[in-house]
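Participant: Residues per chain, in single letters:
2 protein chains.
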Amino acid sequence: MSRFCFELLAHTGSARRGRLHTAHGVVETPAFMPVGTVGSVKAMFPDMVRTAGADMILGNAYHLMLRPGAERVAARGGLHRFMNWPGPILTDSGGFQAMSLAALRTIDDNGILFRSHIDGREHFLTPERSVEIQHLLDATVTMCFDECTPFPANRDRAAQSMRRSMDWAARSANAFRHRDGYGVFGITQGSIYADLRHESAERLKTIGFDGFAVGGLAVGEGQALMLETVGATVPYLPEDRPRYLMGVGRPSDIVHAVRCGIDLFDCVLPTRSGRTGRAFVHNGQLNLRNACHATDDAPLEANCTCPTCTQYSRAYLHHLFNTGEILGIMLLTLHNLSHYQNLMVGIRRAIETGTLDQFIESGGPALRAVTAERDDTS
Amino acid sequence: MSRFCFELLAHTGSARRGRLHTAHGVVETPAFMPVGTVGSVKAMFPDMVRTAGADMILGNAYHLMLRPGAERVAARGGLHRFMNWPGPILTDSGGFQAMSLAALRTIDDNGILFRSHIDGREHFLTPERSVEIQHLLDATVTMCFDECTPFPANRDRAAQSMRRSMDWAARSANAFRHRDGYGVFGITQGSIYADLRHESAERLKTIGFDGFAVGGLAVGEGQALMLETVGATVPYLPEDRPRYLMGVGRPSDIVHAVRCGIDLFDCVLPTRSGRTGRAFVHNGQLNLRNACHATDDAPLEANCTCPTCTQYSRAYLHHLFNTGEILGIMLLTLHNLSHYQNLMVGIRRAIETGTLDQFIESGGPALRAVTAERDDTS
Chain A
1 MSRFCFELLA HTGSARRGRL HTAHGVVETP AFMPVGTVGS VKAMFPDMVR
51 TAGADMILGN AYHLMLRPGA ERVAARGGLH RFMNWPGPIL TDSGGFQAMS
101 LAALRTIDDN GILFRSHIDG REHFLTPERS VEIQHLLDAT VTMCFDECTP
151 FPANRDRAAQ SMRRSMDWAA RSANAFRHRD GYGVFGITQG SIYADLRHES
201 AERLKTIGFD GFAVGGLAVG EGQALMLETV GATVPYLPED RPRYLMGVGR
251 PSDIVHAVRC GIDLFDCVLP TRSGRTGRAF VHNGQLNLRN ACHATDDAPL
301 EANCTCPTCT QYSRAYLHHL FNTGEILGIM LLTLHNLSHY QNLMVGIRRA
351 IETGTLDQFI ESGGPALRAV TAERDDTS
Chain P
379 MSRFCFELLA HTGSARRGRL HTAHGVVETP AFMPVGTVGS VKAMFPDMVR
429 TAGADMILGN AYHLMLRPGA ERVAARGGLH RFMNWPGPIL TDSGGFQAMS
479 LAALRTIDDN GILFRSHIDG REHFLTPERS VEIQHLLDAT VTMCFDECTP
529 FPANRDRAAQ SMRRSMDWAA RSANAFRHRD GYGVFGITQG SIYADLRHES
579 AERLKTIGFD GFAVGGLAVG EGQALMLETV GATVPYLPED RPRYLMGVGR
629 PSDIVHAVRC GIDLFDCVLP TRSGRTGRAF VHNGQLNLRN ACHATDDAPL
679 EANCTCPTCT QYSRAYLHHL FNTGEILGIM LLTLHNLSHY QNLMVGIRRA
729 IETGTLDQFI ESGGPALRAV TAERDDTS
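Same order as they appear, the protein sequences are chains A and P. With the first letter of the first sequence counted as 1, position 147 gets the number 147 in this note's numbering; the numbers rise by one all the way through. With the first letter of the second sequence counted as 1, position 257 gets the number 635 in this note's numbering; the numbers rise by one all the way through.
Bear in mind the hints are in silico, worked out from the structure with no lab data behind them. Keep in mind that a hint or two might mislead.
[To be verified] Footprint (simulated), chain P over chain A, 3 or more residues, beta carbon under 8 Å:
hint, segment
1, 82 to 89
2, 287 to 301
[To be verified] Chain A residues, not near chain P, derived (Cβ > 10 Å throughout):
hint, residue
3, G25
4, K42
5, L101
6, G181
7, I207
8, G222
9, E325
Just so you know, even glycine gets a beta-carbon here, dropped at the ideal spot from N, CA and C.
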């Protein structure tokens, strides 16, 4: 068992090249974590997720507490063994999903009472229970239980929500059982208000965490405001701990957040897009359902070395989506995950060589900062 | 380019151990061909189909003529290249599907006029066009265009239908363009009438084919009658050519048909069952949706060496089906294909060593001949 620690290897401006050591292996940062919400990275064999380049994946305490149940996963030997992913796993605390997915939820200072979106059964999620669930799952990284402040929120509402989350952060940290190679991350809140983010960061530092997340973003505020908020938060986070921007995002979001000093990302985009026929390529995205691909013998991307691009044409992928074949989803998910991981490889190399700006510039429109007019998917 | 030829390696009674040499590789027989109807073995990467042990797969002229179109597949370099399966491919002629799937079909001695079940467009399929389609797909084995006689059919109807199919067989053989390593198979018809099957076999031998199929079975007649008909047909087929029992079947159907002298099989069961949560195991089948599997840490089969069984528990597979995760379909399809291919390995070994009866006996209920009372799935 190794210590849970974060090693800083290089800087370019605020961007950091790091290495996170955990009980379940090493995570090279900046890192993108594929999302395995309900105990599987959708439509992927775990060894392919690994081969694509992922070091760590995300699990979700809310989804797994409902199905199959945290105690049941624990009885199976934990989530790593259950889903055949021996590497590091970070788990969402469930607060976001309890608020966004569950029916009839009520929130007070003690926690969130909600009805399952699956079977309507009532559950009460508190910081203590969320951390316990994450322990039962054997999460390598436990996330604090927090309230994701709705957007937009006025200053008072945002402050009130953030302060509740900070109280919950203290309770989460208190409930966290320290074990070699395992860590617990705090989550800053405060919506788009720089002074609230500052206050939140200070509260979290006082409590003390192994890593610090920026939460409550990518909820409709747009890239510009998102990056501005990240930029206003990061300076107050400890230099020697990993920083995680939750639920972000598009390739452009990632590279610019890396430039602000973020180390960890997760997002459903590469997997979800794979299921709906959209492929990430250097110029942006392709919709494989479009008829223009029906006779195109080219791969998705000329220089991509993923199994999809080296073995299949756009015409074949179009055919698979046109006929509803599951293999289309599998091949496109594999490509999209590879595309994201290759982006992270490029980012890490660029930070090491001090060429991050050139890397972003050479990435073309897909990596360019998004202007408000065309910011349609954040 | 090798010659298309069938090598007989060993016998046990009527059962044969053989080797089919083709332009795209060797097929060890008795062989089971996974079904790749629309240009993909559903929910499987081709290399996994191969690793599971399949030498040859099945494609379908009807489905591929509708989507993406035979000419379009030809322009992509043929089906092997299009779908990334370099090995042998046998294609169904489309006659069966035109009659069973299409809307508003009319059949006469010239061919089958039908409306596509996809977009309602009208198509006319003749023996010549079916063979042309299979050429365009670059099928290693082309199947004669035939009429699959409905079941039940009285003697006169069965005779009339069979004779039409024999005329079509002659036209199919005439349309077939001979190329090194490629073959064309005739298909016997005649429903369950032994004398009609005999007449059909004689007609096909007179025409001359590289292989001989038994068609029009597994359509509701039950295993006993199916095997009786196979047993009444095989003696009239040439010893030196492969014999293919179309669309069959369950493990029990396969072992007993092998005992009658059949060399080739195809069936959607392992892949379709994988998509509906059913796993083939030595004792029969498991339904992974059943709650009894929710806490079962055992693999699907204790001695199975497939990736699903060596890496995942029944509890996890139950969870994946319970939550609708695509990975469940992938893992179960992989196991079922492996199970079928392992069955064929066992059959081949048993014929080589003269122990086929013992092999079937030791296979327990899953390989026992099916009695009429429990013959619910044929």
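Participant: Each of the hints needs a verdict: does it hold here or not?
Facilitator: So, going through the hints one by one against the coordinates:
1. For the segment 82 to 89 of chain A, the stated coverage by chain P is satisfied: 3 residues place a CB nearer than 8 Å to a CB of that chain, which reaches the threshold of 3.
2. Restraint check on the segment 287 to 301 of chain A versus chain P: 3 residues with Cβ-Cβ distances below 8 Å, three needed, restraint holds.
3. Remark: the non-interface label on G25 of chain A is consistent with the geometry, its nearest Cβ contact in chain P lying 18 Å away (cut-off 10 Å).
4. Annotated as non-interface, K42 of chain A brings its C-beta within 10 Å of a C-beta of chain P; the closest such distance is 6 Å.
5. Taking the minimum C-beta to C-beta distance to chain P, about 14 Å, the non-interface status of L101 of chain A holds against the 10 Å cut.
6. Remark: the non-interface label on G181 of chain A is consistent with the geometry, its nearest Cβ contact in chain P lying 23 Å away (cut-off 10 Å).
7. Residue-level check passed: I207 of chain A sits 34 Å from the nearest beta carbon of chain P, beyond 10 Å.
8. With a cut of 10 Å on Cβ distances, G222 of chain A stays outside the contact zone with chain P, its closest approach being about 32 Å.
9. The claim that E325 of chain A lies off the interface is violated: its Cβ sits roughly 5 Å from the closest Cβ of chain P, which falls inside the 10 Å cut-off.
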